[in-house]
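**Student:** Each chain is listed here by its residues.
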Amino acid sequence: MSTTDVATAEPAADPAPAAGASRHRGGGLGRYLLVRFLLIFPTVLILVTVVFVLMRSTGDPITAALGGRLGPEQLKERIHAAGYDKPILVQYWHYVSGIAHGDFGTTITDHRPVTQVLTTFGSATLELAVYALVVAFLIGIPLGRIAAARRDKGPDAVLRVSAILAYATPVFFAGMVLKLVFAVWLNVLPVAGRATTRSILTMKTQGAGTGVYLIDAISTGDPAVVGDVLQHAVLPAVALGLLTAGVFLRLVRTNVIGTLQTGYVEAARSRGVSERRLLRTHAWRPALVPIITVIGLQVAMLLGGAVLTETTFEWKGLGFQLVQYLLARDFVAVQGMVALLAVIVAVTNFVVDVIAALVDPRIRY
Amino acid sequence: MSAQEPVIDVRDLKVTFATDAGDVAAVRGVSLHVDPGQVLAIVGESGSGKTVTARSILGLLPETALASGAVVLRRNDDAASSDVLSLSPSRLREVRGRDAAMVFQEPSTALNPVFPVGWQIAEGLRAHRRLTRAEAHREAVDVLRRVGIPDPEERAKHYPHQFSGGQKQRIVIAQALVLNPGLVIADEPTTALDVTVQAEILDLLRRLPEEFGTAIVLITHNMGVVADLADQVAVMYHGRIVEQADVRTLFSAPQHPYTRALLDAVPRVGGPRLRPARTAPVGETALTAAPSTGAPVVEARSLTITYPGRFRRPGFTAVDGVDLSIHAGEVLGLVGESGSGKTTIGRAIAGLTPVTGGELTVLGTQVRGIHERDFRAVRRRIGFVFQDPATSFNPLLTIAACVAEPLLVHGVAKDLDAARPRVDELLEAVQLPKAYGDRFPHELSGGQRQRASLARALALDPELLIADEPTSALDVSVQARVLDLFARLQEELGFACLFISHDLAVVDLLADRIAVLHHGKLVEQGTGAQVLGAPQDPYTQRLLASLPVPDPVEQAERREAWRALVTR
Amino acid sequence: MTADVSVPNDTPADPADIPVDALPSRGPLWKRLPVVRQLRTSVGLQRGMLVTGVVITAIFLVTAIFAPLIAPYGGSQLRSGSVAFGAQKAPSAAHLLGTTVGGYDVLSRVVWGTRTALLVMIAAVVLSIFLGIFLGLVSGYFGGWIDRVLVVVADAIYAFPSLLLAIVAAIVISKGQSSMWGGILAAAISITVVFVPQYFRVVRSEVVRVKAEAFVEAAKVIGTPPARIMVRHVLRNSVRTLPLIVTLNCSEAILTLAGLGFLGFGIEPSAAAEWGYDLNKALSDVTSGIWWTSVFPGVAIVLTVLGVTLVGESLNDLADPRLRTRRAAGRRGARAAVQSEVDVVEVDPLDAPPVADEDTSTGRTGSHDETTGGAR
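Note that the protein sequences, when read in sequence, are chains A, B and C. Heads up, the first sequence is in this note's numbering, so the first residue is 1 and it goes up one at a time. Heads up, the second sequence is in this note's numbering, so the first residue is 1 and it goes up one at a time. Heads up, the third sequence is in this note's numbering, so the first residue is 1 and it goes up one at a time.
Hints were generated in silico from the structure; no laboratory data involved. Positions of the beta carbon are idealized from the N, C-alpha and C atoms, including for glycine. Take these hints with a grain of salt, some might be off.
[Unchecked claim] Derived contacts from chain B toward chain A, CB cut-off under 7 angstroms, selection only:
{"hint": "1", "residue": "11"}
{"hint": "2", "residue": "60"}
{"hint": "3", "residue": "93"}
{"hint": "4", "residue": "102"}
{"hint": "5", "residue": "104"}
{"hint": "6", "residue": "110"}
{"hint": "7", "residue": "111"}
{"hint": "8", "residue": "112"}
{"hint": "9", "residue": "113"}
{"hint": "10", "residue": "124"}
{"hint": "11", "residue": "159"}
Working from the sequences, and respecting the hints, build out all of it.
**Tutor:** Here is the structure:
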């Protein structure tokens, strides 16, 4: 019999107030956050290792990328120069220690450090992700609350089916339909890209150069450029945002329905608190903790969706670039970008845990 | 309107619920009324409709419910009265909290975990009156002080998880009182609390009519609580009130057979026992070893059990240096409140929790550090009855399969068919029809399941039976039958028994000796007469004094004794 | 009423408090099958959703099974007789849904695509379910450091964008070659890599919950060997939610397959018809206003996922007592129920303990479990 199974069994059998007290004893928030922070490292290490193992099981990256284009001798030379003929564990060690120093490798096809690829294309993906999150929050959360409040009534039925539909529609198909309707048939929005060539030139010469086009466009002070950038953003943001909004809607609905049925909401109702306030405050705040946690996980899904959205709209971000490297079989680039994404995901989850801790006094104290 | 008019007047209330099994009548024509400053107790077992009746007063029924009749509630300023059942949602909202308020059973679920308690009290105020945040807060602090929360200015900013169970219930009561309603509905207000805390909450509730002029509708299944608090009593059974009388009349001269059966089923400390007392050793001190011939079945010497802490935090010591022994054929009652470590001791003897210090010998085997393989032979000589009959059976196996499990595991029977004769015999022994063996656990009631649980524990004819709160999840009349059965089987089979319970009266029914645990330490041990008749330890004294007895006259005296004890 | 006062209330517990799946019951086997049972117990909107989902899924299955009879042409057919179909032809009598840029018949591609989707779905779920259940059961039951390591690994993979992981896995597994079965298996295994952590997490948390239940303790006290406890007591009680996860994973599998195909890492068009690939090829058509090459395969994906998800969502709602809709008390039924004193079912739903969250569970409450009802 192991010790852990006792620890889980006992509180149910004999609910000791002392056991409750022990939960609040000790470091509290600081300790909790420290543990969460330290968890970033194994998470990144595991993902990096998984990707490394998967990638290397296909053979060495040089042959994969350049095999057929170079002669066997040249290939051998390149492989030796890059150290891919060393034992796999040595290669693994080099790779992991490189990442620890912020070196994610250099692409084979175009000889760029992976970190530079990130700085070049990261801003575009960030911009898209933020737009999509804004759309998702604006649509998903209020509608989720409405669905929960009007549970099993007409509005709830419509909203739920819409949410499932949003989930069932692949983001690239949604993007294509949006394109077809708004860019081709109605011809009110651009088909693809992040801005017209003219706007890009203007931003290059007069903009702030952040890579986030909206900021760059505003800094040029030219309303036409700003309008152009925004017009280009609408369809990708809506496509990716709607998908995420569907997830948020279901998430909010389920959790709010859960808290609406708790004893404390019933208790507040018994004291005459209005239904509106019950929904907006009493049931909302406790529901927020699980909602925030899951939203954190959704950031990862958003990145996956961004790959598809960027390909659909030729939005030159990390996802678009990743697919190009994948098609070119440039596995060093792929490996490096995936490792970077792993860091982003792990850090996001940590940030989400911090926010959840700030919302939930049971963690805070 | 004169002050003599009732605060609440319920006339011919009927409530029906929709369930998967069809419509179900939960309340079938209940009429009752409560005068200002009076306490009406509605007594009944689960399923009697008492809670539904109480919730109807505030219109707090789920959407699946349909209510008819009239529930006339008087305004707290005596200006008017209204029929709750026919109010519009917005009028109903005005009535709730202002004219009548509710105290819930489970204080930890009745408080919102993510808001400070002061804010939660203020919410009720601000729902009815136009107050600034500061004014509402001031009133909240004031009411917290009145219900006995020390340092209310500071504590109002705290969150529910920072309070103990008893304090949480005080806060729930404060929430109910803050709008000064004419009526407080208390739904099992002390059921989730330990006996000593229950006494304090009852004391607080008793002051409400005098200090706040509030009438109380008290919902409870506990006759002791009724005797302690109520002026009037209504006994509910199957959705109807079968008897209604003032408290002294009801207890001294119950009219309806159900009331009589109910009162008879309530165990009392010092009342008639279910088993003849064994020839108790006279004159021995509480802690010295015991009487009977041969080695004890269970022997603990400075037994210590510590649960490891997580993330290198210090562990939690649940049992701290306990000495006790159980002899062959003896029933030892182990009493304590939640967190006292009583369950842990039972689990350690059954090999479910590792012993971390001291010595524990079970049936001649040293348990500390023992390997599971070596303990297996001992296991077949031990039976265990769990607290919750709802979860102690695998829901996917039939009762017969569950009862046969020990026989199969220890190779006594080859398969279920071979075990069946013995299973039938066991079911018969616990007074269950043989055919019940083919039923699934959820097709049995709680009492029936607990009897099947007893059958399973006795399958291998154990020398030692550990019963962990075997009746605490059962209604009182069901409990009486299970305890009775238990006593008869012990008499017949002569097994030694560790009987764990929080209820002194239940333990007193069965045990030869009683051991009292407090915070993991054994504070007192001896025969029932010694421990309950003349307790030596201050904790035992307080525990005993806190226990309300089902007799209003006697309870009034005990209440004074309790007050003297706690203020001492 | 006076006759039986000595045994009040000792009637079976209310079945309504226990999730539908939890209760073994009698009756013909088909009535006890997961979806069938829910169909019989659901009401209102939930029933509507479930029925819609079942119908769509049934159409999908029928199409997949009878694809050769339904599709006018083969999935990779480019010409009928010696006449080529031609590329990007608008819908016509010969090609009801038009032809693609590669010269395939859109209708045939859509119909044959159901087969590919179904095969990948089955392969992925079957592969991942066994591995996931095994790992979850062992890890959850024994605990210890293996459990902790597996949990961290599963959490890490779970948190990562599943599509990216599937792409990486797809490249590794297929290595460029993509016959029909090779492609389907490659896609299925890539999806499995993503699913195993999901099954692991679900099964493990269920196992940990079930392990703490009194009936497992009861088995331990008896001296039941761990293997018997795991199989007889823990496993069967831990996989109750699986039908639900399976349906949700089926839809996830289709979406992942389509995503892989769309990015060009799926199955070659000559090997099998695959909707995601067709959408990839249709991407440039959209710009020139050719809508039929994208809309039909896209709608096929949406409908298939919608059908399976509707079934999954309904199962989820019905299994969760908090989300389940109950019929409202009938205005007529109110009186009818009281007619017979013998048959009347006693329920006091409010006397039951409130749904406690994990840190408020109480050890003892007086009127805990004796909610009566279900007279038999």
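**Student:** Compare the structure with each hint and give your call.
**Tutor:** Status of each hint after checking the structure:
Because the beta carbon of residue 11 of chain B sits about 22 angstroms from the nearest beta carbon in chain A, more than 7 angstroms, this interface hint is broken. For residue 60 of chain B, the interface hint holds, since its Cβ comes within 7 angstroms of a Cβ in chain A; the closest pair sits about 6 angstroms apart. Checking residue 93 of chain B against chain A: minimum C-beta separation of about 5 angstroms stays under 7 angstroms; hint holds. Proximity of residue 102 of chain B to chain A holds as hinted, the smallest CB-CB distance being about 4 angstroms (cut-off 7 angstroms).
Interface hint status for residue 104 of chain B: upheld, as the beta-carbon distance to the closest one in chain A is roughly 6 angstroms, under 7 angstroms. Proximity of residue 110 of chain B to chain A holds as hinted, the smallest CB-CB distance being about 4 angstroms (cut-off 7 angstroms). With 7 angstroms as the threshold, the beta carbon of residue 111 of chain B comes within range of chain A, its nearest partner Cβ sitting at about 6 angstroms, so the hint holds. Interface restraint check for residue 112 of chain B: the shortest CB-CB distance to chain A comes to about 4 angstroms, inside 7 angstroms, so the restraint holds.
A least Cβ separation of about 6 angstroms between residue 113 of chain B and chain A falls short of the 7 angstroms threshold, and the interface hint therefore holds. Interface restraint check: residue 124 of chain B against chain A, minimum CB-CB distance 4 angstroms, threshold 7 angstroms, status holds. Taking 7 angstroms as the C-beta cut-off, the interface hint given for residue 159 of chain B holds, the closest approach to chain A being about 4 angstroms.
When the structure is compared with the earlier hints, a violation turns up for hint 1 alone.
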